[in-house]
Amino acid sequence: MAALRAFVPPLAIAVAIVLAGVAGHFAGPLWGWGVAGLAAAGALASFWLATHPVSRAAAVPDQHPARSRGGDAWPWLALLSGIPDPALMLDSRGVVLGANPAAASFFPNGIGRHISLANRSPELLSAVEQALARGSAQSFQVRSVVPVERTLVGQATPLFGQQKLEPTEPALLLVIRDHTAEHQIAEMRADFVANASHELRTPLASLKGFVETLQGAAKDDPVARDKFLAIMALQATRMSRLIDDLLSLSRIEMREHVPPTDRVALAPVIADVVAALRPLAEKANIVVEVVQGATLLGEGVIVLGDRDELAQVAQNLIQNAIKYGRLGGRIEVAISRRADRAQLSVKDDGIGIAPEHLPRLTERFYRVVPKDSRERGGTGLGLAIVKHIVNRHHGVLDITSKPGEGSVFTVRLPLA
Amino acid sequence: MNNHIVTSYDAEFAELDRATAEMGGLAEKLLADAFAALSRRDPRLAASAAASDGDIDRLERQVQERAITMIARRQPVANDLRHIFSVLKVAGDLERIGDLAKNIAKRALALSGETHPKPLINGLGHMTELALRQLKDVLDAYANRDGAKALMVWHGDAGLDLLYNSVFREQLTYMMEDPRTIGLCTHLLFAAKNIERIGDHTTNIAENINYLVTGVVLSDPRPKNDDTTSLLLRHRPMDAA
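Chains as they are written, first to last, in my numbering: chain A, 1 to 416; chain B, 1 to 241.
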């Protein structure tokens with residue numbers, strides 16, 4: 001019997017790995033390895049237990065399970081750290097005994113407390129409960145919406161079936177894998193189609209209308225033809241801009257759950273953007289002024305960020321300020337440091353925004369005056385893009401405005 | 001945290017916190033699912049979300065029974081008494097949040113055959129996102145006894161109120177422009193109101209955490225921005241008839 005117990009788990013690992021290869025062929029490599037990884041981790045743990053049947057009895061963790069390495073205690077913590085995905089060891093009451101480094105970001109300060117205090121998603125909790133009650137492995141999937149969309153899949157594997165254990169003994173292995181990226185791809189596609197079809201229909205219908213007119217009534221009318229072609233060119237430009245914005249929004253949402261890690265100095269990024277927008281500002285006779293607040297020891301304001309995305313934030317905000325600013329007005333772009341935050345603010349002296357619109361501005365396709373926005377070449381996505389980028393950077397976007405006096409858009413980002 | 005001579009007393013407290021966390025997790029999921037069912041017009045999701053409210057109610061009764069037993073058997077004082085009372089109140093608020101979210105799920109079920117204007121759903125989506133964020137923060141603050149975070153949530157409700165005002169106006173405008181949307185918009189209006197109420201219960205929880213951590217009751221009037229009770233849009237096409 002003992003020989004059989006020792007034999008089965010390695011077989012399970014082998015089977016899991018072979019299955020992963022096969023699954024990888026059909027379902028895309030990430031998913032296949034994901035499932036097999038979870039299965040192999042469970043198998044690995046039970047393999048160790050099967051080959052060390054005597055030591056289990058002595059495995060009574062003390063208050064600090066991380067240090068219970070001596071004597072006959074089985075080295076489950078070392079086992080956990082051998083798993084690349086977030087992995088936790090729970091006792092039979094559901095209290096977290098220990099976790100590997102990968103689990104730290106998912107379950108901050110959870111050790112020594114019930115798992116529900118670190119993660120309260122019903123799917124995870126019920127998998128843990130079921131696994132302990134039935135003595136068989138349970139897999140689960142958790143979708144969360146805030147603060148960023150995230151999909152986790154995982155498995156709760158009871159180590160000793162339904163055997164009666166001391167309440168503080170290691171009893172259950174919980175392995176989790178971040179499946180956000182895979183899930184987003186499917187979700188994005190649906191979202192993109194829904195948004196695109198909704199917003200592209202209007203310009204497309206007008207294009208078709210003009211084409212029909214040019215083929216029919218206005219066939220031999222050169223004046224009307226020039227006029228219509230100019231409108232058509234405008235509509236086509238609008239459609240391509242819309243597609244560009246939708247694509248960049250999708251791209252940003254896709255990696256929103258992965259915080260950026262580069263160190264970026266804000267000032268040069270802003271300077272480039274302002275220089276690129278100068279012709280547009282000059283056309284509206286608007287002066288764009290960059291103000292850099294006093295910084296300690298003259299060093300620049302450096303944030304953890306993605307350079308291109310931060311440039312896009314600045315570009316969208318400054319472009320908006322030019323679009324909705326006063327002709328002949330002034331825009332102030334300020335970079336400064338406030339406590340532990342970097343701050344970028346764009347202030348215009350335009351018509352301002354009524355208070356009931358302020359909280360809505362970052363919604364997709366929300367427009368204060370729809371006709372006005374379209375005429376100014378807006379896609380209705382500029383601030384939605386800003387919001388998602390700021391979200392990815394763990395920052396905050398703050399908008400204040402007084403009708404008739406102008407608006408201030410402020411982005412606060414964590415310093416590097 | 002507390003270290004009592006009788007360890008089973010600590011275990012009873014841990015059990016109270018566990019049940020409260022579980023209730024919170026169910027309430028979060030119920031609200032997220034209720035809105036997802038509404039926006040995707042998914043009657044199955046709506047039905048399963050509405051059914052999960054029963055679990056929240058069951059847990060609340062459990063928490064109440066446990067708390068009463070603890071009071072009767074242990075005669076708690078000071079911190080312990082505050083802890084038990086906070087749990088009771090927090091569980092009560094979570095149960096109400098569950099009810100309000102369930103109400104949205106039921107409306108989602110009623111509306112699953114209707115087409116609805118995307119902008120209106122966008123506004124509700126934004127409200128749901130903000131309410132979920134507040135709820136997540138307050139539950140995290142409760143699990144970690146984080147008074148500062150609770151205070152942040154308490155102040156954050158003003159943002160949800162502003163958003164509600166805006167959504168309320170938008171829905172009224174829609175109904176005035178096209179009376180055929182009145183049936184649909186009324187449901188959406190109630191859904192928006194429910195989310196706003198969820199925000200209020202979330203701030204109640206924040207107040208309780210503050211009380212639990214500091215022992216002081218928040219006495220400043222909470223910043224409120226809901227002015228829909230006094231809002232009447234002037235343009236009334238019916239008067240012209």
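It is possible that part of the hints are untrue.
Below are the DSS-like pairs computed for lysine-lysine, each with C-alpha atoms no more than 27 Å apart in a straight line [to be verified]:
id, chain 1, residue 1, chain 2, residue 2
1, B, K193, A, K387
2, A, K323, A, K219
3, A, K227, A, K387
4, A, K208, B, K224
5, A, K208, A, K283
6, A, K371, A, K402
7, A, K387, B, K149
8, A, K371, B, K136
9, B, K149, B, K136
10, B, K193, B, K118
11, A, K387, A, K323
12, A, K402, B, K224
13, A, K323, B, K224
14, A, K387, A, K347
15, B, K118, A, K227
16, A, K387, B, K89
17, A, K347, A, K227
18, A, K347, A, K402
19, B, K193, B, K89
20, B, K106, A, K323
21, A, K208, A, K227
22, B, K136, B, K224
Quick partial rundown of chain B residues pointing at chain A, CB under 10 Å, derived from the structure [as the list claims (entries may be wrong)]:
id, residue
23, F35
24, A36
25, A51
26, G54
27, R58
28, R61
29, N144
30, L151
31, N165
32, S166
33, T229
34, S230
35, L232
If you are wondering where the hints come from, they were derived from the structure by calculation, not from laboratory data. Glycine residues also receive a C-beta, built at the ideal position from the N, C-alpha and C atoms.
Hints and how they fare:
Straight-line distance between C-alpha atoms of K193/B and K387/A comes to about 25 Å, which keeps the hinted pair within the 27 Å bound. In summary, the hint linking K323/A to K219/A is not supported, as the alpha carbons are separated by about 36 Å, beyond the 27 Å threshold. At roughly 38 Å between alpha-carbon atoms, K227/A and K387/A are farther apart than 27 Å, so this suggested pair is violated. For the hint linking K208/A to K224/B, the alpha-carbon distance of about 50 Å lies beyond 27 Å, and the restraint is violated.
Taking the CA atoms of K208/A and K283/A, the gap is near 32 Å; set against the 27 Å cutoff, the hint is violated. The suggested pairing of K371/A with K402/A holds, with an alpha-carbon distance near 22 Å, which does not exceed 27 Å. Proposed proximity of K387/A and K149/B is supported: the alpha carbons are some 22 Å apart, at most 27 Å. Restraint check for K371/A and K136/B: the C-alpha separation of about 38 Å exceeds 27 Å, so the hint is violated.
Among the hinted pairs, K149/B with K136/B is consistent with the structure: their alpha-carbon atoms are about 11 Å apart, no more than 27 Å. Restraint check for K193/B and K118/B: the C-alpha separation of about 19 Å stays at or below 27 Å, so the hint holds. Under the criterion of a C-alpha separation no larger than 27 Å, the hint pairing K387/A with K323/A is consistent with the structure, at around 19 Å. Annotation: proposed proximity of K402/A to K224/B holds, straight-line Cα distance about 20 Å (limit 27 Å).
Between K323/A and K224/B the alpha-carbon distance is near 33 Å, which puts this suggested pair outside the 27 Å criterion. The hinted pair formed by K387/A and K347/A meets the criterion: a straight-line CA distance of about 17 Å does not exceed 27 Å. A threshold of 27 Å between alpha carbons decides the hint, and for K118/B with K227/A the separation of about 33 Å lies outside it, so the pair is violated. Of the pairs offered as hints, the one joining K387/A and K89/B is violated, with about 35 Å between alpha carbons and a cut-off of 27 Å exceeded.
About 37 Å separates the Cα atoms of K347/A and K227/A, which puts this hinted pair outside 27 Å; it is violated. Proposed proximity of K347/A and K402/A is supported: the alpha carbons are some 11 Å apart, at most 27 Å. With a CA separation close to 22 Å, the supplied pair K193/B and K89/B stays within the 27 Å bound. Between K106/B and K323/A the CA atoms are separated by roughly 43 Å; this puts the pair beyond 27 Å, and the hint is violated.
Pair hint K208/A plus K227/A holds up; C-alpha atoms about 15 Å apart against a cutoff of 27 Å. Simply put, K136/B and K224/B have alpha-carbon atoms about 21 Å apart, close enough for the 27 Å limit, and the pair holds. Proximity of F35/B to chain A holds as hinted, the smallest CB-CB distance being about 9 Å (cut-off 10 Å). The closest approach between the C-beta of A36/B and any C-beta of chain A is roughly 8 Å, which is under the 10 Å cut-off, so the hint is satisfied.
Interface restraint check: A51/B against chain A, minimum CB-CB distance 12 Å, threshold 10 Å, status violated. For G54/B, the shortest C-beta to C-beta distance to chain A is roughly 13 Å, which exceeds 10 Å, and the interface hint is violated. Hint on R58/B is violated. Least Cβ distance to chain A is approximately 13 Å, over the 10 Å limit. Because the smallest distance between the Cβ of R61/B and any Cβ of chain A comes to about 18 Å, over 10 Å, the interface hint for this residue is violated.
At a threshold of 10 Å, the smallest CB-CB gap from N144/B to chain A is about 7 Å, leaving the interface hint in force. Interface restraint check for L151/B: the shortest CB-CB distance to chain A comes to about 17 Å, outside 10 Å, so the restraint is violated. Among the interface hints, the one on N165/B holds; its C-beta lies about 6 Å from the nearest C-beta in chain A, closer than the 10 Å criterion. At its closest, the beta carbon of S166/B sits 4 Å from a beta carbon of chain A; the interface hint therefore holds under the 10 Å criterion.
A distance limit of 10 Å between C-beta atoms decides the matter here; for T229/B the minimum to chain A is near 15 Å, and the interface restraint is violated. For the restraint placing S230/B at the interface with chain A, the shortest Cβ-Cβ distance is roughly 14 Å, beyond the 10 Å limit, so the hint is violated. Restraint check, L232/B versus chain A: the minimum CB separation of about 14 Å is more than 10 Å; hint violated.
The earlier numbered hints that this structure contradicts are 2, 3, 4, 5, 8, 13, 15, 16, 17, 20, 25, 26, 27, 28, 30, 33, 34 and 35.
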